[in-house]
Every structure is written in structure tokens, then in C-alpha cells.
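With the hints in hand, could you dock these two chains into one complex?
Residue numbers (our numbering), protein chains in the order written: chain A, 17 to 575; chain B, 97 to 218.
Each hint should be verified, as a subset may be incorrect.
[Stated by the list, open to error] One-sided excerpt, in silico: chain B residues whose CB lies under 8 Å from chain A:
| id | residue |
| --- | --- |
| 1 | Leu103 |
| 2 | Ser164 |
| 3 | Thr172 |
| 4 | Met173 |
| 5 | Val176 |
| 6 | Leu179 |
| 7 | Val181 |
| 8 | Ala182 |
| 9 | Leu185 |
| 10 | Ala186 |
[Said to hold, decoys possible] The calculated label-pair distances, taken between Cβ atoms and stated as ranges, are:
| id | chain 1 | residue 1 | chain 2 | residue 2 | range |
| --- | --- | --- | --- | --- | --- |
| 11 | A | Ile35 | B | Ser108 | 39 to 47 Å |
| 12 | B | Ala163 | A | Ile177 | 23 to 31 Å |
| 13 | A | Thr542 | B | Ala163 | 36 to 44 Å |
| 14 | A | Leu220 | B | Leu198 | 31 to 39 Å |
| 15 | A | Gln154 | B | Ala163 | 39 to 47 Å |
| 16 | B | Lys197 | A | Val382 | 43 to 51 Å |
| 17 | A | Thr542 | B | Lys99 | 24 to 32 Å |
| 18 | A | Phe184 | B | Lys197 | 21 to 29 Å |
| 19 | B | Arg123 | A | Asp236 | 55 to 63 Å |
| 20 | A | Trp401 | B | Ala163 | 15 to 23 Å |
| 21 | A | Gln503 | B | Ala163 | 53 to 61 Å |
| 22 | A | Ala312 | B | Ile147 | 53 to 61 Å |
| 23 | A | Ala312 | B | Ser167 | 39 to 47 Å |
[To be verified] Okay, the calculated bits of chain A under chain B, using three or more residues with CB under 8 Å as the criterion:
| id | stretch |
| --- | --- |
| 24 | 182-190 |
| 25 | 394-406 |
Derived by calculation from the structure, the hints in this document are not laboratory data.
Just so you know, even glycine gets a beta-carbon here, dropped at the ideal spot from N, CA and C.
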Amino acid sequence: MKDGFRTRMSLLHTWAGLILSGLLFAIFWTGTLSVFDKEIDRWMMPHTRIHMDTARPLSVDREIIPLLAERAEGAKAWTIVLPAERRPFLTLAYDSAKSHIAQRNSFHPITLEPLPAPNTRGASNFIYPFHHNLTLRQNNIGALLVGIASMGMLCLLISGIVIHRRIFADFFTLRLLRGFSRANLDIHNLTGVVLLPFTIVITLSGLMIAHLIYFPKAPDAVFAQLNPPSVTQERPKSKVREASRKREQDVSSENEDEMTDAREGSRNSPARSRFIAESQGRVRPQAIGQPANVAAIDPMIAATESELGQGAVYMIRVSNPGDAGGVVALRLNGDNSVSQNIDNRRFSTATGEELAHFNSSSTTNVFNFIAGMHYIKFKHWPLRWLYFIAGLGACALIATGLLHWTQARNQRQGSTGFNVSFMNAHNIAAITGIISATGAFLVVNRLLNNREQFAGISSRDLEVYAFFGVWLACLLHALIRVFLNKQHGYRKAWAEQCCAIALIAIAAVGLNWITTGDHLLKTLFTHTYWPVATLDLVLVTSAVMAIYAARKLSVIRES
Amino acid sequence: MPKDLLLVAIFSTAYLSFALFALSQVRHWRVVFDKALPTQREVLLLRSLGILMLSISLALSLVRDGASFGSLLWITMIGVAALAVALTLAWRPRWLRPAGKLFSFTYPDTGRVNHKMNQVKG
Chain A
17 MKDGFRTRMS LLHTWAGLIL SGLLFAIFWT GTLSVFDKEI DRWMMPHTRI HMDTARPLSV
77 DREIIPLLAE RAEGAKAWTI VLPAERRPFL TLAYDSAKSH IAQRNSFHPI TLEPLPAPNT
137 RGASNFIYPF HHNLTLRQNN IGALLVGIAS MGMLCLLISG IVIHRRIFAD FFTLRLLRGF
197 SRANLDIHNL TGVVLLPFTI VITLSGLMIA HLIYFPKAPD AVFAQLNPPS VTQERPKSKV
257 REASRKREQD VSSENEDEMT DAREGSRNSP ARSRFIAESQ GRVRPQAIGQ PANVAAIDPM
317 IAATESELGQ GAVYMIRVSN PGDAGGVVAL RLNGDNSVSQ NIDNRRFSTA TGEELAHFNS
377 SSTTNVFNFI AGMHYIKFKH WPLRWLYFIA GLGACALIAT GLLHWTQARN QRQGSTGFNV
437 SFMNAHNIAA ITGIISATGA FLVVNRLLNN REQFAGISSR DLEVYAFFGV WLACLLHALI
497 RVFLNKQHGY RKAWAEQCCA IALIAIAAVG LNWITTGDHL LKTLFTHTYW PVATLDLVLV
557 TSAVMAIYAA RKLSVIRES
Chain B
97 MPKDLLLVAI FSTAYLSFAL FALSQVRHWR VVFDKALPTQ REVLLLRSLG ILMLSISLAL
157 SLVRDGASFG SLLWITMIGV AALAVALTLA WRPRWLRPAG KLFSFTYPDT GRVNHKMNQV
217 KG
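Just chain B, with the same shape it has in the complex (with noise of 0.2 Å):
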């Protein structure tokens, strides 16, 4: 059973992190968050940490099934995950709002997680 949980876990892992780098950008960063603009320093906060989550979700694979199967399962994973953000702002871009607040959480001076679903203009 622990394969199956790091499974979820790398999955999970590289999901969280395209999520973030995907509110990094302005047009989904309004579908979460009540302000206009996010910052350059919350910008590149996110960022940070979404490549420090796509790391775990590496070492994870890497832990999971070693090397060669384990960078191969990494890259095809995060082409799935990066698929599945995708997915998600096109049909529930709110569901991406957890990540918000779990990020809110880690730098308590961002705009609250929006809570009135803003008109996404792209």
C-alpha cells in the first residue's frame, strides 16, 4: 500500500505545484484571490514554491521506484498534472481555491481567498 500512497502523493504533489505556478499568472490569480494584481514578491513566491513542491514530487518518484523508472514516471506524471490544472480551470476554476488558501496560509499578507467568483477576463 505505501506504492499506492506515494502514487497519490506524486500526483498530488505535481498538481499543487502546476496549481500554484498557474495562480502566479494574473488571469487564474483572479479567479482565487479578491485582489487585482498579485505582487512581484507574491508572484515569485508562488513560483518558489511550486517548484519546490514539483522537487518533492521528483524525489518522491525517485524514492518510489529509483532512478530509471522513477524519472520516467515523473515525466510522464507531471504532463498528466500539468493536463489536469488545465482541466480544472476550464470547468471548476474554484476548485483551485484550497490551493489558494493553502497558500494565503504560508504568506499571511496575500489578498483573502475570493470568495465571489470574479468574471475571468482573458
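Just chain A, same shape as in the assembly (with noise of 0.2 Å):
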């Protein structure tokens, strides 16, 4: 009976792996990244590389406001984002009379000079999105794919622990020399075992975010035997609140969008609107018509941070400014708790009186916990860099699980029949393929050097391009190598791309160096720039790992 379960276990196992591992790469890969997506972005934006130490808060009143005054003449929303260590500029968005799309400046955080458009998606609208759903946003369709991908990853996390006979037998074998297939047992299993509750976490936490894409219907359900809403503070007829929701996203800052595109999806209906501000406690606010003035805006400030703590406003959004119904939100960092706090303060524009603020119920305080963990929105630097380790340790687990198949079939000798082949391509695209495609992201990011666009094309999206051009490269010279020969050509297939990364990565850090004089030397000793020193380190090191892996593959093939 145990034995069969186990059977049964190890077949879903084996065809769960075989199907999902390549998808699942791709998402632990890029959602590692997504880790030091900022740090990634400073190094793809050299403007915004500006040093915060000696940086002073700024005044919303005297330097802001004049800010907006000038640009922003009929604006239904403002938002400003204040500077921050990890997003070191000034942001203000606000929509016109003509368009609600709303436009986007950042400012030096100390001299409050326009910065130059970035001209590039950087992480955190490129990898960071692929990470949540493939850049496949019509109808969710990526966000389902990587919700699949997650409940399969569940399933072989589980299947794997009931296959795995040895447990604690096992628990630190790493037979390293004993033979290629010996050595990436070993490191699927240790690393199965060993992150287990990381890898488990992350993949629910990912799965319950999204809760309201993959169950869109939920709220409709509970909220169709309720009466009319009862307990908002506001209450706009529903299209309206489509409406003004829309304006929201348009208006509303990077990271916002991203949370709120994650979380639920890019449509909402009546009942998710009413769901969302009853739990998060966003509504928006209407205009009355009638004028007023701003009143000043640093003393709301000063009020929420002397309750709690220096810094803790890192987002301020005036609403309808100039209506005497307008409101100012003051939006609380998470930097000192995992969960984010939305408890946001609120104050009427026209008379800087506190109006009543959101508190999110325990279930809410729960789920932003949970949220939040996945998140890692919050300042705590060696949990973010046991997060990248963890990650990187997950994406050798997903690997390892894919070559244990095909390097057990490849070693039968004379039985490569298209399904191995075919494996064989699929790892190498997969893994290599992938991690080529982001060095060729930044490559052509530095190629670019923040111009507009090259050949009639936006750099926005040329970089963007050559992420997918890059990958759909690797497949098809996977594919060649390996049909031209079946027996070895894999080998010949996974030395190249690893020399291909190699050069990738080294031309990326010569690359940053040429166009932004920033080389490592400066970047660590003369003038210190974390984010930027160790992204190049990071390149660096995987340039020297590639060259090992190339080497051994090549020396293998010989012997």
C-alpha cells in the first residue's frame, strides 16, 4: 500500500516536474531578481544613482507644492513619493484636464532638478511583472499560468518529500565527486529538503496574493447577499468609483501599481470594488464643487510621524486639491513591519482637519502579513539577502530536477529518443536560455545609454525585445546542437551557452563602466555604491561560475 502511494507519488512527481519545471524557473528566477529589483533599476537608470546619506527631508509646503503648481494646473490627484534609500528621488504624478493618464516626474532628492525620463522599464516594470504574470496581462492569462505553475510546485514539494526515502539518512549527503548524476541527486534533494519551508512559504504566500484573479467571482458571491453598502465613509455610485479607481491607477506611484496589479487583476466589478474598500480600506474620495484652498501640508505630516516615528509617511496623495472636499492620504512605509500598514492618514485638503482613518481588521492584518513576507517591501537587509539565497537555492532545485531525468536517460546508452532530445533542449533553454536572456536585458540597456529609441523603435521596448530574442536564440541553438547530434550534442549546447554567459556578464560590467564611468573600484572604494557595486559583483561572479561549468562541461566531453 505505502509502496504504491509512492509509486503513484514519484509518477506525479516525475510528469509534474517535466511539464511545470521550465515555467517554474523562469518565475523563482525572475522573482529572485525581483529581490533587488530597485538595486537593479539604479544600475539601469544611472541617473537615479544619487547617495541619500546627505540628503534632508524635504518641505511638502515650500518645495513641493511650488513643484506641482507649475505642472500640474488642473489636476484631479497629486501623488508625491517621497525620496527614499532604495528609491533615491522625488516622484510627483498628476493627471491634466486633458488626459487622466497621468504623467510621472522624478527629482533630485536634493537639488529637486527634473531628473532625464529613464527610458527604460528597469526590474521593477520588467522583471518584476514577469515574475507575477509573464507580461501575458490579457485576461490574466499569465497570472492563471503562474498560478498553475504555483499549485504544481505545491504538489511537487509534497510528492518529493513522499518519494524521498532517506530524509534524514540523507539530510547533509552531498557526494559532490562521485559522477555528475550522484552530485545532482544529492544537490536536488539537499535542496528540496533544506529550503523546504522557504520554498513552501513562498509559493502559498504567491498563490493567496492573487487570490482575486484566481478566485474573480468570490466577492460577487458574498457580497450579492448583503444590502447596500452600510459602513463606507464615502459612497459613490459604482461606475463612478470604476472611474475615479481607474484615474487612481493611472495616478498612483510604481510600486502601487504593481502591488494593486498583482493583487487583484486589471478589472474590477461592483462587488471586488466594494470587497477591496471594506478590506483595504481604499476609496476614493469626491469633488463637492466648491473652491478651497490646500491647506499646509507638513503639519499632517509632522502629526502621523510623531505618532509613528521618523519617516514613516513615505507617500503623499492629494485628492481633488482645490475642492473643499478634497482629501489628503498620507501613506505609511512598511520598512519596519513585514506586513505593509495601510492604515493610511487621511486629512480634508481644505481645512488640514484629521478625518476618520481605515483600520484593517485582524483577517486583513493576517493577510498583509502574508502578503507582506512575500513582498519584502520592508528595510531588513540580511533577511532580503537570505531571501536571494533561498531563491537562488530554489532555482537549483527546479534545475537539478530537470537534468535528473534527462542525464538518467541520456547515460542509457544508444536510447535518446525525441523525448530526451527534446528534454535536453527544453533544460537548456529553460535554465541557461533564461539567465542569458536577463544579461542580454541589461546588456542592451547599457548599449542604449538611456536614448529614447534606436532605429524607429522605443528603447522601452527594444530591451525588452532583446530579452525575448535572446531566449528564443538559446532554444534554437539548443535545439540544433542537440538534433544534429543527439548523443553529445547537449554537452556541446550547455558549454556554449554557459561561455555565452560568460561574455554577457562581463560585457555588461564593461559595458556600465564605458558608458557611466562607474567601475568597480569606484563603485566600492572611491565612491561607494552599493546597489550598483553589487550588481556588478554578482555579474562578475557569474562570469566565473559560467567559465567553470564551461570548462567542465568541455573537459567531460573529451574524456
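This is the structure we're talking about:
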């Protein structure tokens, strides 16, 4: 009976692994990189490589409102994102009478000079969205695929534990020098067992975050049974609310956008809006139509920060400035707690009086904790690095799992059927392919060096085309090598793509030096700037590892 | 600085606890001690000390960062510490001898730390 169960779990593990591992590797790889998305942004947007050490707190009334007054005439909402350590610039976003799509400008945190447009998506707007929706936004297809893969990952983790016969006896066993297959399986078992708490928690929380995508009708079912809204402070008609919500999404900060997008997908029904309003406290105030002045905002921040600590406010949204019904909402940063604090403080724009603020329920707090430990928006560098290391470990887990299947079959002489060859090519594209593609994304960013467009294509898009182009090229290369020589072609493909990774990584470091003058000696010692220095170091390390792997692979081929 | 020191202490205690767990297994025991097999008592003692160390590292995490950050830090840290012990055993098993010596110190009846490298059988 027990063996029968094991056999069935083994079958599940094999098939789920074969089908989903390529996708899972892409998700875990981009997720691991997203741990340092803001640092990658700094590397990709050289104008924003700014030291915050000497920055003083800005005065909203004296320094920021004048900037808005010049630019944002007739705007229905202002968004002010204050500079912070990982996002060292001031961002202002505002709509205009002509378009409700917000314009977004960045300013130097000290001089308040406007910064040039970044002309890149950076990691926060490409690698991070790829992690949760594969950049397939239409009908949430990408998010659903990620959801299916995550469910598969949970099955794989549990079935893997079931079929592992010697969990405790082999707990620390890592026989690296006993041939590739042995070492490969040991790495797979070790990372699978040792990182199990991390992988389970991160996969499960990832699924839970996007609950509104996976169960889109749940709020409808609940709220349809209830009477019309009872407790909300403002109750605009649903249509108005949807329109204003749309505007909010357009105007809101880069982080907030991503978060709502990751959580809720793109469309909201009235019931969903109500669910979000009641659980998250996100309600949009309406204009009354009576003109009024904007009260001083600095005292509001001071009042909030005297209660919650210095630097507690990271973003200020002024809805309907110049209207008597306007509201100033102060959003609180999550630097010092795992869960994002969503109890935003609200003040009347006209009078400066504090309005009732939202108190999240304990259910919401639990959810926010679970979501918060997935988002890692908090300020905790050791934990951020541990997530990164554990994420790389999870990537190794997935990669070794894929290799285990093909390697067992590659070693049987004369049994390289189509399925084995196909999986060989698949593995190469799934593992070295996406790593090369990520490198190419960085290289092209530095080649374009902040120009707006090249050959009529905007730089923002060109970088993404480079990513997918190189990934596709890696797949083609793997297919050609594997099907030209079914017996040994895959090794050649692995070795060559490892060389490609090394070349790309070195090129990225070199191009960063040439285009910005920030070489490693400078960013490490003379003008220390950790985000760029660390990314360069990681690139150099990956190049060294790739060269080592390529050399090992060619030695095996000769012997 | 005490926060950094605590971080080092959290990792060290977690690493030590997994090192002790590893030493309680025959395969890894042989690398460090000159006796072929650990006795039942030694295994029990090694494992209890391991659990003790693991609890100390949890306590230190909670002291350093409070309940929410502390528990997250500990969970991720023990995974990385266990990986580090496995890598040590794969490449430089002798590095676990200090842990063995430490153990001999707490339990003098046990075999002396072996200075000849035993062939690892596994």
C-alpha cells in the first residue's frame, strides 16, 4: 500500500516536474532577481544613482507644492512619492485636464532638479511583472499560468518529500565528487529538504496574494447577499468609483501600481471594489464643487510622524486639490514591519483637519503579513539577502530536478529518443536560456544608454525584445545542437551557452563602466555605491561560475 | 553594531546546531572521531545539544528583530545554515572538527577527535 502510494507520488513528481519546471524556473529566477529590483533599477537608470546620505527631509509645502503648481494645473489628483534609500528620488505624478493618464516626473532629492526620463522599464517594470504575470496581461493569462505552476510547485514539494526515502539519513549528504548524476541528485534532495520551509511559504503566499485573480467571483458571491453598502465613509456610485479607481491606478506610484496589479488583476466589478474598499480601506473621495485652498501639508506629516516615527510617511496623495471635498491621504511605509501598514492617515485638504482613518481588521492584518513576507517591501538587508540566497537555492532545486530526468536517460547508450532530445533542448533553453536573456536585457540597456529610441523602436521596448530574442535564440541553438548530435550535442550546447553567459555578464560590467564611468574600484572604494557595485560583483561572479561550468563540460566531453 | 554581532551569533548557533546533527550520523561521525560508531547516549546528546543550539538561535533572532521579523529571519537562516553545513561536509569535512572538540569537551567520555583523516564510507 505504502509503496503503491510512493509509486503514484513518484509518477506525479515526474510528470508535474517535466511539464512545469521550465515555467517554474523562469518564475523563481525572475522572483529571485526581484528581491533586488530597485538595485537593478539603479544600475539600469544611471541618472538615479544618487546618494541619499546627505539628503535632508523635504518640505512638502515650501518645496514640492510649488513644483506641482507649475506643472499640474487642473489635476484631479497629485501623488508625491518622497525619496527613500532604495528609491533615491522624488516622484510627482499628476493627471491633466486633457488626459486622466498621469504624467510622472522624477526630481533629484537634494537639488530638486528634474531628472531625465529613464527610458527603460528597469527591473521593477519588467523582471518583476514577469515574475507574477509573465507579461501576458490579456485576460490575466500570465497570472493564471503562474498560478497553475505554483499549484504544481506545491505538489512537487510534497510529493518530493514522500518519494525521498532517506530524508534524515541523507540530510547533509552531498557527494559532489562522485559523478554528475550522484552530485546532481544530492543537490536536488538537499535543496528540496533544507529549503522546504522557504519554498512552501513563498509559493503558498504567492498564490494567496493573487486570490482575486484565481477566485474572481468570490466577492460577488458574498456581497450579492448583503444589503447596499453600510459602513463606508464615502459611497460613490459604482460607475463613478470604477472610473475614479481607474484614474487612481493611472496616477498612483510605481510600487502601488504593481501591487494592485499583482493582487487584483486589471478589472474590477462593483462587488470587488466594495470588497477592496471594506477590506483594504481604499475609497476614492469625491469633489464637492466648492473651491477651497490647499491647507499646509507639513503639519499633517509632522503629526503622523510624531505618532508613528520619523520617516513613517512615504507617499502623499492629494485628491481634488482646490476643492472643499479634497482629501490628503498619507501612506505609511512598511520599512519596519513585515506587513504593509495600510491604515493611511487622512486629512481634509481645505481645513487640514484629520479625518477618520481606516483600521484594518485582524483578518486583513494576517493577510497583509502573508503578502508582506512575499513582497519584502520592508527594510531588512540580512533578510533580503537570505531571500536571495534561498531563491537561488530554489532555482538550483528546479534545475537539478530537470537534469535528473534527462541525465538518467542520456547515460543509457543508444536510447536518445525524441522525448529525451526534446527535454535536453528544453532544459538548456529553460535554464541557461533565461539567464542569458536576463544578461542581454542588461547589456542592451547599457548599449542604448538612456536614448529615447533606436531605429524607430523605443528603448523601453527594445530591451524587452532583446530579452525574448536572446531567449528564443538560445532555444534555437539548443534545438540545433541537440538534434544535430543526439548523443553528445546537449553537452556542447550547455558549454556554449555557459560561455555566452560569461561573455554577456562581462560585457554588462564593461558597458556599465564605459557608459557611466562607474567601474568596480570606484563603486566599491572611492565612491562607494552598493547597488551598482553589488550587481557588478554578482555579474562577475556569475561569469566566473559560467566559465568554470563550461570548462568542466568540455573536459567531460573529451574523456 | 550589536545587531551585526547578533546576526553572526544567530548564524553561528544555527550552523553549530546542524553540525552537531550531522555528527550524530555515522557517516559524518567517522570524519571527526576516532571511534567507529557513536553510542546511543552520544547520539542522543549530540542531537539534544543541536536542538539547544537551534533554540538559542531562535531566541537570538527574536531578541534581535522581534516576533515577526525574527521568526522570518530564523526560518530563512536555518535553511542557509544547513546548506552551509552540507557544503562544508562535501568540501572540507575536517572543518567540523572544532565542533567535535567542543562536543568532546562537554562529554569527555566520548572518543578523542581523530587527527588522521578517516576514509569516508557512504
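Going through the hints against the structure:
At its closest, the beta carbon of leucine 103(B) sits 6 Å from a beta carbon of chain A; the interface hint therefore holds under the 8 Å criterion. Here the hint on serine 164(B) is kept, as its CB sits about 4 Å from the closest CB of chain A, short of 8 Å. Restraint check, threonine 172(B) versus chain A: the minimum CB separation of about 4 Å is within 8 Å; hint holds. Evaluation of the methionine 173(B) hint against chain A yields a held restraint, the C-beta minimum of about 6 Å falling below 8 Å.
Interface restraint check: valine 176(B) against chain A, minimum CB-CB distance 6 Å, threshold 8 Å, status holds. A distance limit of 8 Å between C-beta atoms decides the matter here; for leucine 179(B) the minimum to chain A is near 6 Å, and the interface restraint holds. A least Cβ separation of about 6 Å between valine 181(B) and chain A falls short of the 8 Å threshold, and the interface hint therefore holds. Evaluation of the alanine 182(B) hint against chain A yields a held restraint, the C-beta minimum of about 5 Å falling below 8 Å.
A hinted interface residue such as leucine 185(B) counts as satisfied when its beta carbon comes closer than 8 Å to some beta carbon of chain A; here the least separation is about 5 Å, so the hint holds. The interface hint given for alanine 186(B) is met, as the beta carbon of that residue sits about 4 Å from the closest beta carbon of chain A, less than 8 Å. The hinted range of 39 to 47 Å is satisfied by isoleucine 35(A) and serine 108(B), whose Cβ atoms lie roughly 42 Å apart. Hint check: alanine 163(B) to isoleucine 177(A), Cβ distance near 28 Å, so the stated range 23 to 31 Å holds.
For the hinted restraint 36 to 44 Å between threonine 542(A) and alanine 163(B), the CB-CB distance of approximately 42 Å keeps it satisfied. In this structure the supplied range 31 to 39 Å holds for leucine 220(A) paired with leucine 198(B), their Cβ-Cβ distance being about 38 Å. About 42 Å separates the C-beta atoms of glutamine 154(A) and alanine 163(B), a value consistent with the hinted range of 39 to 47 Å. Taken as a hint, the range 43 to 51 Å holds for the pair lysine 197(B) and valine 382(A), whose Cβ atoms sit roughly 46 Å apart.
Taking the beta carbon of each, threonine 542(A) and lysine 99(B) are about 28 Å apart, inside 24 to 32 Å as hinted. Judged by the Cβ atoms, the range 21 to 29 Å given for phenylalanine 184(A) and lysine 197(B) holds: they are separated by roughly 25 Å. The given range of 55 to 63 Å is respected by arginine 123(B) and aspartate 236(A), whose C-beta atoms sit roughly 58 Å from each other. The hint said 15 to 23 Å for the Cβ distance between tryptophan 401(A) and alanine 163(B), and at roughly 21 Å that hint holds.
At about 57 Å, the beta-carbon gap between glutamine 503(A) and alanine 163(B) stays in the expected band of 53 to 61 Å. For alanine 312(A) paired with isoleucine 147(B), a C-beta distance near 58 Å keeps the hint of 53 to 61 Å intact. For alanine 312(A) paired with serine 167(B), a C-beta distance near 42 Å keeps the hint of 39 to 47 Å intact. Only residues whose C-beta sits within less than 8 Å of a C-beta in chain B count toward coverage, and the stretch 182-190 of chain A has 5 of them, enough to reach three; the restraint holds.
For the stretch 394-406 of chain A, the assignment as covered by chain B holds, since 8 residues bring a beta-carbon within under 8 Å of that chain's beta-carbons and 3 suffice.
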